[in-house]
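Chains as they are written, first to last, in our numbering: chain A, 111 to 397; chain B, 87 to 391.
Some hints could be false.
As the list claims (entries may be wrong) - Some chain B residues near chain A, calculated using beta-carbon distances under 7 Å: (1) L131; (2) L136; (3) K161; (4) V163; (5) T177; (6) W179; (7) P198; (8) G321; (9) Y322.
Derived from the structure by calculation, the hints contain no laboratory data. Here a beta-carbon is modelled for each residue, glycine too, at the ideal position from N, C-alpha and C.
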Amino acid sequence: MMWGFHLEFKQSLRTKKLWVILGIMILLYIPVFYIIKSVGGSEITVGGAMAFLIQFVTGMAGFFIGILALLMGATAINSEVEKGTLRVAMSKPIKRISYIGGKFLAHSVVLLLALLLSTVVGIAGVVWLGAPLTSELIRDVLLLNMLLLIAMIQLVALGYIISTLIKSSGSALGMALVLAFIMFLIMPNVVGYLTFKAISDHPNMSYEELHQLRKDYTTKYLFYVPTSQVSVITEDVSSTDENLANTTYYGLPHAIKKNPVNLGILIGLTVAYLGIGFFRFLRMDLR
Amino acid sequence: MLKIENLVKTYKDVKALDGLNLEVKPGQIYGFLGPNGAGKSTTILSTLGLIFPQEGRIQLFDVEVFKDGKFDEAKLVEVKKRIGYMPEHATLWDFLTPVQTLDIIADAFNIPKAEKEKRINELLNLVGLSDDRNRKVGKFSKGMRQRLLLAQALINDPELLILDEPMTGLDPTGIAEFKEIIREQKKAGKTVFFSSHILAHVEEICDTVGVIVKGKLRVEDNLESIKREFLRKAGYTILVETNVPVDWSPSGWNVTPLGEKRYRIAAEEDIREGVHDYVASQGAKILTMQVKEPSLEEIFLKMVE
Ligand SMILES: Nc1ncnc2c1ncn2[C@@H]1O[C@H](COP(=O)(O)OP(=O)(O)O)[C@@H](O)[C@H]1O
Ligand SMILES: [Mg+2]
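So here's chain A without its partners, still in its complex pose (with noise of 0.2 Å):
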């Protein structure tokens, strides 16, 4: 296993994916805080920091890290079986599962350090804009990237069992971007829409109510959405009265407790791709 993570490892800093992808991530987060600091961030109370926060890294690392981790897995294996690498490599005593687990390994840590990467950078930002770094922040920071990384996780897995069944890469690359197209764009603009209709029919409807519709919507039709799931579960962090005067933090593991459901689709569909996707190679023709 160790050798298959080494070489993965090497091979996955090496891409340029993954550098011009955390490239225009990280470029993209100057203007916004500075946009945020020259319209009033001095205001900034720390719950309303931690809470924009995570909800801006959800974001941001969701979209950018999430279209790499697609990428990354949707060229995974065939790509080296054009190559001829994966014939080099699995002729050597190697066990299948131990090949393809360790690149697994390889991938989860590449991403994670993407995610942190993309933390530290929005931890700077909340800081420059006047937030002070607690323990708290800390915490809830770390739990974000572990339900963060579980969602990036499910794309590569998903990118795998892409990788299995289409045998070029330049088309399974070409899938994975459509695929990304319609799951971080078009899906969740059609289940806002959705939403937006739903609400129109009940006027009435109180503040609560209203974003538990928008949770329930999302739960149940955006289910394959990882990112989506990790949203409605970040969402929770705080609550803001209704004329938006005041945001109250309750943190993280509260709001994890509140959305089970959505933690264990997040979980489940993980789960469930990566066994597919595992499966799929260990049954398939290197050629």
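Based on these hints, arrange chain B with the ligands on the given structure of chain A.
Okay, now just chain B with the ligands, sitting in the frame of chain A:
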């Protein structure tokens, strides 16, 4: 050393191996000859468990690694420690240098550090890549990649070397060097099993040649007998040019005129002397005469009949 019985492999709609039988004995240099698409790579990939055949048996070092449609992965991993494999149409990791490549391959065999370094140096010398040891493989030519692929196959000093079209794409010097390396392996008591679609590649070095056509082994013998058999089956074509037109009808041979004084004679055996005498008896003279050996493709086609 390697024994394959009734191997069947069907890709979606193509039957690539149709009950293949083959045996490589210890110490042999075995040439696995066949036209493109005959099933050579399929056989080799099956042997190493890189693809999954449907039926048959595969034994390596008397260990049964494939039977009843299943590989025994634990046994397979164990025997792979004693095997070196060089794939067809492959590249190695572009971002590594030859030294790094061989280092990582050596790690798959848990070769201790000191021994590893020594072995890497030896192998780079052997395949002539010493001067390029620290250049990225991504910048290598096809021939250099081929050399590195051979080096990685030798890293564990394997008892059995399995090479898929190792000489394809090499220039004549490269082929000569390659054959020399294979001979060295034989001297060291190793067994070599390699495939090719070119007759010249198996010449001079193989003890045994197996010919595969359309997924079946058609003959397994030494090269001389196979060639004789080939020629007998494929027949001879004799091209003759005479000083005056000749009437061939009394000869009873199968003659096709190619021009006014040029003819092609198809025969089952070498009848050059007979042709000479016949032309003389017709009062003519032979200006040129040549025997055209059948091309390998023609021979392969005959083998299927
Ligand atoms: N992945 C594949 N899918 C379908 N057919 C294949 C595949 N790989 C090889 N074949 C077919 O199997 C046959 C044997 O191929 P191969 O073993 O590569 O032959 P050789 O190595 O002797 O040139 C050919 O007809 C080839 O087209
Ligand atoms: Mg081949």
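Hints, one by one, checked against the model:
no.: 1; hint: L131; result: holds, 6 Å
no.: 2; hint: L136; result: holds, 5 Å
no.: 3; hint: K161; result: violated, 11 Å
no.: 4; hint: V163; result: holds, 5 Å
no.: 5; hint: T177; result: holds, 5 Å
no.: 6; hint: W179; result: holds, 6 Å
no.: 7; hint: P198; result: violated, 15 Å
no.: 8; hint: G321; result: violated, 37 Å
no.: 9; hint: Y322; result: violated, 40 Å
Checked against the numbered hints given earlier, the structure breaks hints 3, 7, 8 and 9 and satisfies all the rest.
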